[in-house]
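2 protein chains.
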Amino acid sequence: MKLEIKQAILMEHLNYVIKGISSKNLIPILNCIKFELTNNGLFLTSTNNDISIKTFIKESKIEKIVKCGDMVVSGRYIYDIVRKLPNEIILIEEIFDSTIAISSSNSSFKLNCNNVSEYPNIDLEENKNPILLNTKVLKNLIHQTVFASSTQESRPILTGINLKIVDNLLECTATDSYRLSKKVLTLKDKVDENVNIIIPSKNINELNKLLVDENNQVELHIFNNKIIFKFNDIIFMSRLINGTYPDTSKLIPNDFKITLKVGLNEFYDAIDRASLLTNEADKNTIKLETNQNLVTISSNIPEIGNVEEKIEVNNVTKEDIHISFSSKYMLEALRYLDCEEIELLLNGEVKPIIIKNIEDDGLIQLILPIRTY
Amino acid sequence: MKLEIKQAILMEHLNYVIKGISSKNLIPILNCIKFELTNNGLFLTSTNNDISIKTFIKESKIEKIVKCGDMVVSGRYIYDIVRKLPNEIILIEEIFDSTIAISSSNSSFKLNCNNVSEYPNIDLEENKNPILLNTKVLKNLIHQTVFASSTQESRPILTGINLKIVDNLLECTATDSYRLSKKVLTLKDKVDENVNIIIPSKNINELNKLLVDENNQVELHIFNNKIIFKFNDIIFMSRLINGTYPDTSKLIPNDFKITLKVGLNEFYDAIDRASLLTNEADKNTIKLETNQNLVTISSNIPEIGNVEEKIEVNNVTKEDIHISFSSKYMLEALRYLDCEEIELLLNGEVKPIIIKNIEDDGLIQLILPIRTY
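Chains as they are written, first to last, in numbering that gives the first Met the number 0: chain A, 0 to 372; chain B, 0 to 372.
For the record, the hints were derived by calculation from the structure and aren't laboratory data.
We put the CB at the ideal spot given by N, CA and C, even for glycine.
Heads up, some of the hints might be wrong.
[Claimed, not checked] The calculated lysine to aspartate or glutamate pairs, modelled on EDC-like cross-linking and capped at a C-alpha distance of 20 Å, are:
id: 1; chain 1: B; residue 1: Lys317; chain 2: B; residue 2: Glu342
id: 2; chain 1: A; residue 1: Lys109; chain 2: B; residue 2: Glu307
id: 3; chain 1: B; residue 1: Lys83; chain 2: A; residue 2: Glu265
id: 4; chain 1: B; residue 1: Lys23; chain 2: A; residue 2: Glu265
id: 5; chain 1: B; residue 1: Lys109; chain 2: A; residue 2: Glu170
[Claimed, not checked] To spell it out: a stretch of chain B is covered by chain A in this simulated footprint if at least three of its residues, at any positions, have a beta carbon under 8 Å from a beta carbon of chain A; those stretches are:
id: 6; region: 6-20
id: 7; region: 72-83
id: 8; region: 292-305
id: 9; region: 336-347
id: 10; region: 356-362
[Unchecked claim] Simulated restraints on C-beta separations:
id: 11; chain 1: A; residue 1: Ala7; chain 2: B; residue 2: Asn215; range: 37 to 45 Å
id: 12; chain 1: B; residue 1: Glu318; chain 2: A; residue 2: Lys208; range: 46 to 54 Å
id: 13; chain 1: B; residue 1: Arg75; chain 2: A; residue 2: Pro252; range: 54 to 62 Å
id: 14; chain 1: A; residue 1: Glu348; chain 2: B; residue 2: Ser104; range: 27 to 35 Å
id: 15; chain 1: A; residue 1: Asp281; chain 2: B; residue 2: Gln151; range: 38 to 46 Å
id: 16; chain 1: B; residue 1: Pro252; chain 2: A; residue 2: Glu279; range: 53 to 61 Å
id: 17; chain 1: A; residue 1: Asp281; chain 2: B; residue 2: Lys187; range: 52 to 60 Å
id: 18; chain 1: B; residue 1: Ile156; chain 2: A; residue 2: Glu3; range: 29 to 37 Å
id: 19; chain 1: B; residue 1: Asn14; chain 2: A; residue 2: Asp281; range: 24 to 32 Å
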């Protein structure tokens, strides 16, 4: 293969595929990026067996396609080399069977290549009718749920997010069994076949880094053992987690004894300050007590000190409660609610706490209380 | 003690003293900040036995001084609490012998205090005639020398920078025995007594974080076992390293066989790219070869590949050379030269390489070559 390409254009696309290379991969070929130059343009692919990323630079963005062909080269090295080259036209050329030259006006690099035939075959097939989501909607869905999934490999199913689609209702759930996040969306079109899959959360976080906050479309192609996201010039594939996700629908009550309405920022800041006098060993426990419209949030570490925060709320139901919960979980649940006012829905000191965005009925955050009273 | 003070003002000064608290200090009292409230204002002090920092908030910047007094309180906790409080007036008050209250409109913290009498006595005496330096000049001096000092505790003397003042000539030197940085400055006034001290480099780096890039004066007060820097409302004290710094004056030759003049950025970028194909195990070795006005910089890692960079230079002496050196050391020497063009002065492949800023005769960077030819 031989081509001439502007440094900035190649760099932009290397920035995408480099995220598919994990630094600690012990299989050398998985530290490589595959280049495939055709008359239509240049494809770059990376994979670490968990995710695969493919990107395309179309022919019109390439200065000169001299000779089509494939090569497989160390991802880290080609990334760093192109990154440090000046923004001018660079020439990439296979000079022997196993060496490529990368050169610009003053620089000339030669890199040993790997055998193209050893690179894993990545099947990036597509569905006829992919599910369409707006980029912003998808990013929001990720931010509002993924943090609640578990990081403990002892229950692998909970280390992913559950994506369920029935007709045109999409439901995304994450839980680590102490808290739960659920977002429900209505799709424009009904799906051909209902969906119920678990996507590893760490892969979703990688996808999120590639999603630019634009008003763009993302195509979701769902298969038995993988999901493919297509957007801009990028194809992102993640494996799925095998197994049955727990049925969480009965966890969320429909009726509540107590409804508190409170400003999001004010509540967040009070919890954030109270969390200063908590520690991990005690599950970052803080207490919340109502006295009609006055809420007191408190915590303490005996050897250090204590804190009391007061806020005015609208105690719609006029009932009082005292309840304890993890400040860390509460802060994470509040972080992406993205509204002015929230509702705290309570049924008693040992019953789940529900947090809702008043403007978005599709979003539910649930936290289990901690017994201290 | 009892006072009212704006959050932003207290925060600014806590930001200074927090740098004097090291996170891994095993002596609990050294994790504390001492507050001393007098009718003139509030003093804050921190120390970790290696450095001490004291800052002063004058009375006019404090809302209300209700009751003078001292307290000693956990630095990390008071810092985080004040940082998370809203920017309004906060009240700090000793409520029992060993508890203080920190409160703003909605928040009320109580922190246990330590015994004031247990806090180390820090003697921040002053000289009658301190040495005066401009902040920018001092920051520059630090950037251009401190990186060359050693990080290996096996030769403690080399883990500091050597500050020598004879009459009105200030000379600052750092070396790890493979490279050396030296900066010479002329002071406005002669010093009363000649100076020859070694300041720990890690303390100098902490000082540097506190020095704001302003056209301000810094006072240097030098004693047998400590140095005190006074600037703005801050007093920064560092211990000195005991011992005799090696005489480095004979290391730097006066005459050179070869003089190369080259653009700093161009040279830096070429070395930076060539360094991609080096590794630590091989001391990041790169080669430089001249052919009259053409310089070739090259390096290779056999299993990965190789690189050649070409640059035009002005080979003043018309003699040619090939020489090898550490790209890491060269990049660090070039980083703060702060000029358009530099001079490389050479005497042969096993003789020191001297790098000079053409516009600043007081600055010398020296790197020992690595024998590869």
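Checklist entry - Does the alpha-carbon distance linking lysine 109/B and glutamate 170/A stay inside the 20 Å limit? => result Roughly 45 Å separates the two Cα atoms, so the pair is violated.
Checklist entry - Does the Cβ-Cβ separation between isoleucine 156/B and glutamate 3/A fall within 29 to 37 Å? => result violated, 55 Å
Checklist entry - Can the restraint linking lysine 23/B and glutamate 265/A be considered satisfied, given a maximum Cα separation of 20 Å? => result violated, 34 Å
Next on the checklist: Verify this for me: three or more residues of the region 336-347 of chain B with a beta carbon less than 8 Å from a beta carbon of chain A.
Outcome noted: Check failed, 0 qualifying residues.
Checklist entry - Do the Cβ positions of aspartate 281/A and lysine 187/B conform to the proposed distance bound of 52 to 60 Å? => result With Cβ atoms ~59 Å apart, the hint holds.
Checklist entry - Cβ-Cβ distance between proline 252/B and glutamate 279/A: within 53 to 61 Å? => result Check passed, 59 Å falls within 53 to 61 Å.
Next on the checklist: Assuming the hint says 27 to 35 Å, is it satisfied by the Cβ distance from glutamate 348/A to serine 104/B or not?
Outcome noted: holds, 28 Å
Next on the checklist: Please check whether the region 356-362 of chain B has three or more residues whose CB lies within less than 8 Å of a CB on chain A.
Outcome noted: Not satisfied, violated; 0 residues make the cut.
Item to check | lysine 83/B paired with glutamate 265/A [C-alpha distance capped at 20 Å] | outcome: Judged against 20 Å, a Cα distance of about 12 Å means the pair holds.
Checklist entry - Under a C-beta cut-off of less than 8 Å, do 3 or more residues of the region 6-20 of chain B approach chain A closely enough to confirm the stated coverage? => result Per the Cβ count (0), the hint is violated.
Next on the checklist: So if I understand the rule, the pair passes when the alpha-carbon distance is 20 Å or less; does lysine 317/B with glutamate 342/B pass?
Outcome noted: holds, 14 Å
Next on the checklist: Verify the CB-CB distance for alanine 7/A and asparagine 215/B against the hinted window 37 to 45 Å.
Outcome noted: holds, 41 Å
The structure fails hints 4, 5, 6, 9, 10, 13, 18 (numbered hints given earlier, in ascending order).
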